[in-house]
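These two chains come separately, so use the hints to put the complex back together.
Protein chains in written order, with numbering that gives the first Met the number 0: chain Z, 0 to 491; chain F, 0 to 493.
Hints were generated in silico from the structure; no laboratory data involved.
Glycine is no exception: its CB is placed at the ideal position from the N, C-alpha and C atoms.
Careful, some of the hints might be misleading.
Unchecked claim - What the simulated footprint calls covered on chain F by chain Z, stretch by stretch (three residues with Cβ under 8 Å from a Cβ of chain Z suffice, anywhere in the stretch; the number is not a length): (1) 219-225; (2) 236-242.
As the list claims (entries may be wrong) - Some chain F residues well away from chain Z (every beta-carbon gap over 12 Å; in silico): (3) Arg33; (4) Leu63; (5) Leu83; (6) Glu316; (7) Ser395; (8) Leu419; (9) Pro484.
As the list claims (entries may be wrong) - Ranges between beta-carbon positions, derived for each pair: (10) Gln260/Z - Lys356/F: 49 to 55 Å; (11) Arg477/F - Trp301/Z: 54 to 60 Å; (12) Ile337/F - Glu271/Z: 26 to 32 Å; (13) Trp115/Z - Ile337/F: 29 to 35 Å; (14) Glu83/Z - Pro103/F: 52 to 58 Å; (15) Asp342/Z - Ile360/F: 39 to 45 Å; (16) Lys356/F - Thr125/Z: 54 to 60 Å; (17) Asp348/F - Arg64/Z: 25 to 31 Å.
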Amino acid sequence: MTVAEQSFSGLLAEYEPVIGLEVHAQLLTRTKLFCSCPNRFGDPPNTNVCPVCLGLPGALPVLSREAVSLAMRAALATHCTVQEESIWARKNYFYPDLPKGYQISQYEKPLALEGWVEIPGEGGGTRRVRLQRIHMEEDAGKLLHEGFPWSAEKSGVDFNRGGVPLIEMVTHPDLRGPEDAFEYLSALKAILLYIEASDCNMEEGSLRCDANVSVRRRGAEAYGTRTEIKNLNSFRHVARALEHEIARQVAVIESGGEVVQETRLWNADRGETASMRSKEEAHDYRYFPEPDLPPLRVTAEWTEEVQHSLPELPPERRRRFTEEHGLPDYDAGVLTQSRAVADYFESVARETGDAKAASNWVMNDVLRKLKEDDADIAECRVTPESLGRLVKLIEGGTISGKIAKDVFEKMWTSGEGPQAIVEREGLVQLSDEDALQATVAEVLEASPDQVAAYRGGKKAAIGWFVGQVMKKTGGKANPRVVNTLLKKALDS
Amino acid sequence: MSPVLTDLTAAEIRRRVASREASCEELIRAHLDRLAAVEPAIGALLVTLEDRALDRARAQDRALAAGAEAGPLAGVPVVVKDLLNITGLATTCGSRILEGYRPPFTATAVARLEDAGAIVIGKANMDEFAMGSSTERSGFRPTRNPWDPTRVPGGSSGGSAAAVAAHMAPMALGSDTGGSIRQPAAFCGVVGLKPSYGRVSRYGLVAFASSLDQVGPLARTVDDIARVATVLCGQDPRDSTSAALDVPDFAAAVAREPEGLRIGVPWAVLEGVETETLARFREALGSLEAAGASVVEVELPHLPHAVATYYIVATAEASSNLARYDGVRYGHRAPGIIDLEEMYGRTRDEGFGPEVKRRVILGTFVLSSGYYDAYYLRAQKVRTLIRRDFERAFESCDAVATPTTPTAAFRMGEKTADPLQMYLEDIFTVPANLAGIPGLSLPCGLAGGLPVGLQLLGRPFDEETLLHCGAVFQRVTRHHELTPPEPSSTGQQA
Chain Z
0 MTVAEQSFSG LLAEYEPVIG LEVHAQLLTR TKLFCSCPNR FGDPPNTNVC PVCLGLPGAL
60 PVLSREAVSL AMRAALATHC TVQEESIWAR KNYFYPDLPK GYQISQYEKP LALEGWVEIP
120 GEGGGTRRVR LQRIHMEEDA GKLLHEGFPW SAEKSGVDFN RGGVPLIEMV THPDLRGPED
180 AFEYLSALKA ILLYIEASDC NMEEGSLRCD ANVSVRRRGA EAYGTRTEIK NLNSFRHVAR
240 ALEHEIARQV AVIESGGEVV QETRLWNADR GETASMRSKE EAHDYRYFPE PDLPPLRVTA
300 EWTEEVQHSL PELPPERRRR FTEEHGLPDY DAGVLTQSRA VADYFESVAR ETGDAKAASN
360 WVMNDVLRKL KEDDADIAEC RVTPESLGRL VKLIEGGTIS GKIAKDVFEK MWTSGEGPQA
420 IVEREGLVQL SDEDALQATV AEVLEASPDQ VAAYRGGKKA AIGWFVGQVM KKTGGKANPR
480 VVNTLLKKAL DS
Chain F
0 MSPVLTDLTA AEIRRRVASR EASCEELIRA HLDRLAAVEP AIGALLVTLE DRALDRARAQ
60 DRALAAGAEA GPLAGVPVVV KDLLNITGLA TTCGSRILEG YRPPFTATAV ARLEDAGAIV
120 IGKANMDEFA MGSSTERSGF RPTRNPWDPT RVPGGSSGGS AAAVAAHMAP MALGSDTGGS
180 IRQPAAFCGV VGLKPSYGRV SRYGLVAFAS SLDQVGPLAR TVDDIARVAT VLCGQDPRDS
240 TSAALDVPDF AAAVAREPEG LRIGVPWAVL EGVETETLAR FREALGSLEA AGASVVEVEL
300 PHLPHAVATY YIVATAEASS NLARYDGVRY GHRAPGIIDL EEMYGRTRDE GFGPEVKRRV
360 ILGTFVLSSG YYDAYYLRAQ KVRTLIRRDF ERAFESCDAV ATPTTPTAAF RMGEKTADPL
420 QMYLEDIFTV PANLAGIPGL SLPCGLAGGL PVGLQLLGRP FDEETLLHCG AVFQRVTRHH
480 ELTPPEPSST GQQA
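Okay, chain F solo, but in the shape it has when bound (with noise of 0.2 Å):
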């Protein structure tokens, strides 16, 4: 067992708690002090916890010394993307326009993480309201990706990757709405599960489009994530959305054997995905194969307009979700403006970063009368079919395969210029969130020296199958336990 407690996963952490082998405080210092040397260098988060996170560290280590129990992740440090709400916390959504906002309530998700005996000790960086694939959109500052500070951790939930995968946390809460979470865990190299839309409340997470969102985990194994999944995962009477369904103890899932797994491969819409990367997803799905599970073709042939679809559904949503942001009750207000009209003008201009004002601009013109069957209605009907795809492909498969991303993580900058370039990064993941499906996306080699992902795709509320097939891809390969290089090496950038 390796010495360095920032080393260990979460369920490791759980049963040295548990047997009283090591305290929270010791656990929670150990992971303060590892995010004290690395973050200058790669900015995951916007605010580190440090006082909140060991009173609550020491409150634990007294209640288990009376006898108390331990939690599901009893004394596991976590990273908490900044739109899940905490009590009297800022929270920014990495948005300038929520300068000063203190929620007075805890999102569920969060709050289910803090009964288990979570800890959290940071809030994570992300694109400004979750709109973006590269980190670079928050109103703060971007996010280096620890494998190389040069290139983008992805994004949104870039901050709660790059934790992650730089040993901050062994665990992370993001949001994923089109691949905000599967899509910077494959270029950090860790595991990212994108729930069924349903499965996890979304109350307290601020919302950017409501059909879509999803709040996840990320974390280095399957098991870590199949642990926290059972935490996560359930109906909230606050949330009309989350399903009446059951949940499984997913960690039991993970342990099961291959056999009879069906793996589909919709290799006609691979076609543009970079080469490496490509080579590492068939290496992948021969490492399943040599396992025991088999591989077929399927076809998912509304796939192509995905994108597209995303891009109307999500801007409209999120044009009306962030009308809220006017500068009358909280947050941004521009100052000494007497016009309403004005003020709601000149605040959401000072507030809102350039791809917001983008997209809710879009999403105000697909909605605007005239255009809304043409383009609102149209894209519920694509969506619509893109769901009837799954449903048949799953006719033939368990899961489907693909590569989570078409390349590996990109150069600061490289994209932002061109929106459109940026937007079909996000081919393989938004499929799942317009069919309300789970995704998950596991590290399965580099590809020129940068991690690279398998992203697997189930039926809805099956993300048992998932976590089993991402547990035996574990077990048979090796991927999940290469590291970043270590910031010093590379210096600490500005």
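Just chain Z, with the same shape it has in the complex (with noise of 0.2 Å):
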């Protein structure tokens, strides 16, 4: 523990921080939010765009169904209550990502209120996050800074991202720390990248958090002022930020100062919160109906159809899979955080009939090398049906353990099945053992200090003659027929 993680714990012993966080979320739509360009991130500045993204005089939204339903999916997995009518609303303010001078939100009636969100409590239960409500927004558009000839001189705007669905989750101030928001952010992207309502890439901008953070005396009913937290961009960040800003306002007050209600924003090169804007200096939206558009109507049929159409949501796959399959329950927290790749396990169980060894096979190997490859499940070319042949090959004696690994490896960068490379390269294990039997006795010959030794009681010598043996068998033969063969012939 570093002396500031210590001074940090020390000072959670008398204050208890008090946060609520905002995360928006870009919905995985074909469209924009309100017009048909394609919502796709990282094409060439202001190539998807049209009148009505760029605000141009006379153009009119249109709102997207397929983003309503996503949203819909977003709320009914967080078990709010989506509303039956919502209103768009106009947040009014000047700044040159934003082409119309506002942008298209939801303010007094939003798509979905109450719901919650599940993340791990203490003693291995759980706790609940409690969500206040869940809105629909259009995002705007982007600030080019850099990288253009002109850059010295001016800034570009890229509207490619402007009008992209956004849903904002707003929690209340359930959480209590930053490991809590980090639980809880974790498993709030679980369950959007389970639904497929968000991709969660937290480095292309589509997850953004906001924090609002306030600490009391530890027993103290009563909340503290609160700031705003503004630039979270990564799950480190938020932690970092927060716990920065936690003892930042408990210094303010340890030093008898008061917090001041602000918005601040996070910087992740100094590490630390500076002010951005204090309350007097808070936009005034000017929030209003949106009058281009009709409130938003969701019919119950709507909605039990979105509902239907969920999958199994994380939290209950997780304790189905230590239920079901009796993994740890860490083993299940770990396969259980991305659909794919709980989907690839639970293939590899079924394929194997051994859910142990196929948890293992998917946590230490397959994960371990789409890290190294920073690649996505989707691309691996081991399919789950190849991994839970492979398993069976050593389970079934037909290879060891530990050719089964290179046999991995192989299988990883050629995509073939493991039968293939096993027999193209005669790695079938040596278990027969009148063929064994040979090379245990040229072993025993070979070596007579040693069998003098462990014949002396020194039994622990067995390992360097089972190892002599596999040496010579290039690794195929099986190190169990191997012991007993060597046991059988040395003392005897």
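Below, the structure is given as structure tokens:
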């Protein structure tokens, strides 16, 4: 534990942080929220634009039902109640990335209200972080300050992102520390990925987070004055920024001062938050109902249809993995982080009939290789079926566990099935006692000193003999059989 | 039949084109010649689209010669208010702030007219961003009333109304947010229809107040209005507020007899109407009664609050709609400024005229934190009450009648110094926009030598009854045949 960490846990003994998070997630729609431009990251600037998302005079928004359906998925997956009627509102402010001078959002009547997300609780249990609301809105464009020949003199704006559908998910102040915030974000991300509502890519900005933070003395009922922290663009930053802000607020109070209600910006390079604007300087967004769009009405049938289309969600799946597959909770947690990984694991488990072996291979080998290659499981060349066959080759005694690791490496690069590799490279495990007997005899004959030592009581030397036999057989000998043969020969 | 092509109605032009008695080119040329002769004295247009119009006329003639069917508005010259987009053509909204801006798309309303064979010959002057009742608030120049060049043509569609009155074109498109079609129609002695909210697509109409704006036609006869409305109306998937309702053949409604028509008159609110204007109104009611309609009294108790309500709702929406003119992407940008806030401020200060600034400031205020409930929210509630007033009135009548305006056209400069006086011009027209109902203004004679209008208001989406009633009126009266004096007799104006 570093000094900083010690002092942080020290101040947590006296003060309790109270945190609420606002998460913006871009929806994985084909088109933007109010026009048919593609919703696609990474294209050349201003190529996915039209009169509507550029806010040209006379252009009008037309709502994408696809976006509403995805937002409803997110709402239902977090146990929120989708409202029969929600109202679009204009949030007015001037900024060059906002082409209409207002953002179409939802204000007084959002899409969905009151739900929860489950996070790990004390003693292996779970705890609910309550959601206040989920509303839909359009994203703004993006200012380009560098990378262009003219960047020294002026900035540009890329409107490709302008009009991309977002949901904003707002929690109640239920989080009690950076750890909680991390757990909540992980759980929320897993859900959004599962239901394929968002790709949750923080680097590309498809998941963004703002935090409301206050501290109070342990035992106090009333909340302290809160600050809003913006610009938290990775999970690590969220935890660091919260830690910093909590410590800052405690320091202010300890020195007899008062926390000021304000918006603060997280500076990742400097590792601190700095005041951005005070309460008095806060924008007056002059929200009012968007006259260009009728209220959004969601029928009971529509909600039901979306509800039925939801997959099994991470918490349920995690529970099922421990109960049905008998996995340790840790394994179940890791494997259910992503739906594709969980699906992959279940296919391997089905193939082998050995869930623990499947879990070990997926966690220790597949996930490790993916991380090394910085790849996604969808790109994995080892199909769950062939990984299952590999496991069965070990269990059937055809190859050794050690050889299997090599075979896996080869499968990883070539995409071939295990059988083909094992056969071509002659990796079939030698389990035939008669065939191995000769090698065992050879080894014993060549090492009279070690034989004498073993027989003189140094029983641990058996391992050395096994190693010699394995070496002579190129690792293909079945170690269990070799062990038996050696013992028989040495102990007789 | 009059030998002068520019005196023809749209219906007659279409008939001649369809029967090949006249070519589109010949018709367009006649109107362009007329335009060249009278426009200098009136100033109805911001731009004349001579080449484009002639090209299209010739193309249509070739298509007709090749056997193509004549569209319902084949060969009809039309003037379009300059807040309706046409691809590649400057669309100024009467504002300096849109300097150099050329839209990459055409408004649905214009596209429908062009698809029906109409040919746009010019874009009409207007009060900047449709904010005004006199066309004196154009960022470029005022338009004069063809009946008297010292008087305003009304506004904000003053250019459209003046062009039709001066026979530059038999029809024009305008937009009506609080009376901007009906009031200039009345002042210039032509017919103007504000359709029900949601009847005509707003796609491509540059927004002033989105919940009130409607595109509509101006023409010299109800029959022409019915023909163009049939083309213009109908749902547009690009405007989410356009109504999913079938559009009747309005021209058929025009032919019906008036039996059983009940006209409701809110006598209690007509107190302030100028004497001669009120006299023409009473005579108009008499003509309708003589034709078989009955007149009943109705009450519109919340009407006195309509103007205040309107100026809160309209300015609130306008303050937001006009935020996009910030100098960042198109139009005017104040030059040589580094600071962003300063660039916004200077650009908008230089680009907007005083009336637009006044309304943007007012709208910003009524939406601001702490005032929203007292102004905007309250105005929305009164708006609901006004809508209910009409619902109740339409239980006992089929159309509500009022004078379109309390007076005939006022003198240029007469009301520019007193914005409140100018706003009161809208007393009879704004209720229709607040309630979303259709309104029709018909010429009903002269007051002090100037035209005044009879306004008919109908149930939501019941344009049919208004057109029916208006057609009956024009069958039994000849007010619509009155023409303004030729501009040459009053001399050319600077």
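Checked hints:
Chain Z is given as covering the stretch 219-225 of chain F, and this is violated because 0 residues of the stretch bring a CB closer than 8 Å to a CB of that chain, at least three being needed. Residues of the stretch 236-242 of chain F lying with their CB closer than 8 Å to a CB of chain Z number 5, which satisfies the three-residue condition for coverage. Every CB of chain Z lies more than 12 Å from the CB of Arg33/F, the least distance being 30 Å, so the non-interface label holds. The non-interface label for Leu63/F is consistent with chain Z: the shortest C-beta to C-beta separation is roughly 31 Å, beyond 12 Å.
Leu83/F, annotated as away from the interface, has a beta carbon of chain Z within 12 Å; the closest lies near 8 Å. For Glu316/F, the shortest C-beta to C-beta distance to chain Z comes to about 6 Å, within the 12 Å cut-off, and the non-interface label is violated. Every C-beta of chain Z lies more than 12 Å from that of Ser395/F, the closest at about 30 Å, which supports listing it as non-interface. Residue-level check passed: Leu419/F sits 24 Å from the nearest beta carbon of chain Z, beyond 12 Å.
For Pro484/F, the non-interface assignment is confirmed: its Cβ lies about 37 Å from the closest Cβ of chain Z, beyond the 12 Å cut-off. Evaluation of the 49 to 55 Å hint for Gln260/Z and Lys356/F yields a failure: the beta carbon distance comes to about 34 Å. Roughly 57 Å separates the CB atoms of Arg477/F and Trp301/Z, a value that falls within the hinted 54 to 60 Å. About 29 Å separates the C-beta atoms of Ile337/F and Glu271/Z, a value consistent with the hinted range of 26 to 32 Å.
The hinted range of 29 to 35 Å is not satisfied by Trp115/Z and Ile337/F, whose Cβ atoms lie roughly 49 Å apart. Checked against the given bound of 52 to 58 Å, the beta carbons of Glu83/Z and Pro103/F, roughly 38 Å apart, lie outside it. At about 59 Å, the CB distance of Asp342/Z to Ile360/F disagrees with the hint of 39 to 45 Å. The hint said 54 to 60 Å for the Cβ distance between Lys356/F and Thr125/Z, and at roughly 58 Å that hint holds.
In this structure, Asp348/F and Arg64/Z break the distance hint of 25 to 31 Å, their C-beta atoms being roughly 42 Å apart.
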